[in-house]
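Colleague: Once you've looked at the hints, dock chain S against the given chain F.
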Amino acid sequence: MRWSLVACLAALCCVASAQASHPRPKGATPFRTSLVPAYSQCTAPDETHGPPLAFPSCSAPAQTSAQATVGTPDAYGGSPNFSGYFRLAQFGGVPGPPDDQEVSVELSVTDVRCAPGSPRCASPNASGPADYAGEVRIVWTIRQSDHFNAVAPGGGADPATVQDSPFEVTVLCNETSSTSTGSACSVATLMNAIVPGVTKEKRDVHGIMDIRVDDGGADGDGDTAADNTVFLRPGVFIP
Amino acid sequence: MRILRLTQLWMLFAGLVALCVVTGSAHATHPRPKGADPMRLSLVPAYSQCTAPNRTHGPPLAFPSCNPPAPTSGQATVGTPDAFGGAASFAGYFRTHVFVGVPGPPEDSDVGLYMRLDDVRCMPTGARCGNPNASGPADYAGGTHFAFTIRITDHWNASTPGGGSDPATVQDTPIGDSWFGQSCAQTASTSVGSTCNMATSMNAFIPGSIKDTKRTAYEIDDLRIYDGGADGNGDTTADNTVFLRPGVFIP
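From first to last, the protein sequence lines stand for chains F and S.
Using the numbering used here, read the first sequence as starting at 1 and increasing by one per residue.
Using the numbering used here, read the second sequence as starting at 1001 and increasing by one per residue.
Think of the hints as simulated: they come from the structure by calculation, not from any bench.
Do not rely on the hints blindly, as some may be mistaken.
From chain F, some residues computed to sit far from chain S (all C-beta separations above 10 Å) [what the hints assert, rightly or not]:
no.	residue
1	Cys121
2	Val139
3	Ser186
4	Thr189
5	Ala193
6	Asp219
7	Asp227
Taking CB as the label site, the calculated pair distances span [said to hold, decoys possible]:
no.	chain 1	residue 1	chain 2	residue 2	range
8	S	Pro1060	F	Asp46	46 to 56 Å
9	S	Ser1159	F	Thr189	41 to 51 Å
10	F	Pro98	S	Ser1165	55 to 65 Å
11	S	Pro1106	F	Ala225	46 to 56 Å
12	F	Gly92	S	Thr1236	35 to 45 Å
13	S	Pro1103	F	Ser21	53 to 63 Å
14	F	Ser21	S	Ala1238	29 to 39 Å
Note that CB positions come from ideal geometry on N, CA and C, so glycine has one too.
So here's chain F without its partners, still in its complex pose:
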């Protein structure tokens, strides 16, 4: 009898542990980051940065993208007109069915030029590289902690942290008729439009890491990721 009671209590503890919830915010939105051209990591320094951040540096900065760049008078030419941002915003959602929680996804990148020597050069410009012809692919890593897990596949009510997984959206770049502006790569969509059913009312703490915008590679196709290279990363620019 006593052992049965102990077993019952142990089982209850196990259930309680499985159902234990996770601390979460009242809200966390919007998330917006500006974007800057990505450069290769400095691994064999040959110079030193000025003080106070007097760290080793690598001369001749090397863009990581082999296909896309931005106009710059004293680099490849053209005006420095590039700007870009990535934004996520949660909205809506009345508790109960249907699952109407949403997260909007916006990427706006303007004046994208082809890297000289790239096969992705299209409409020429009066100065600087031609318009970039191809797609870009925004990629970020998510770490979800929510209430939509179970021991068996199919989902359930258990709280858990999901293994880090990538989330990707391919965006077509449109060449411009202007001879002073490069291509525009923009999208305004919803996470549920990208992956139907991805946002549910499950107390989803959605950690975001490792954001990058890749070019489309030599084939210009963002979905064939093997030849894509990193074009942009989050950052700020101080003129």
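Modeller: Relative to the frame of chain F, chain S by itself:
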């Protein structure tokens, strides 16, 4: 004689070309944007990476998952009715804003850094519990400390220390190891935890770090907001643990 002069002229020409190439390479500049600003990153509680899964997430993101979720902070948390108790009132963000200075002395460009955290509670098993609340954990009594990694590409480099006009990419630099400690303020309310607010700038924390006309692209990665550790001091970083990371919350 004539042949010798021609040879010398060719050598002189070749030398000048080589000099131009070397100089051009040292001063070759870097593609850069018209502008890149602001960043406004909403913050969520940080959880440990799932490495030994014992659950599966529901579709469509049916990946392995770890029960229970493990917050990475040993000292700070947020109110949640079905976790440690208290209302779910936490909200926080980290924001940057570039101030473009007037070219020439004084150096008046800067990057503003702003952080706001409302309703920060102590982890019940931690050492930093302050004013008690009617429900949920007490106010967090301690500091926070933020950190990120930057990859600088600019025109403030030289082959000798002291700075120069060469464009270069700097080795990835962790920002915040010893610079960005902040204190949190407990509240008199018994329903709201501490607030941790900051409004400062890069030049305030690291004088002279932001300069005019250096065409500085700062790639920013891996933002983390730490608690102050068992001693509550954000500046003594060895015992600090990650409290918040960028993210969104879908209720």
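Colleague: So, against the hints stated earlier in the document, which numbers end up violated here?
Modeller: none
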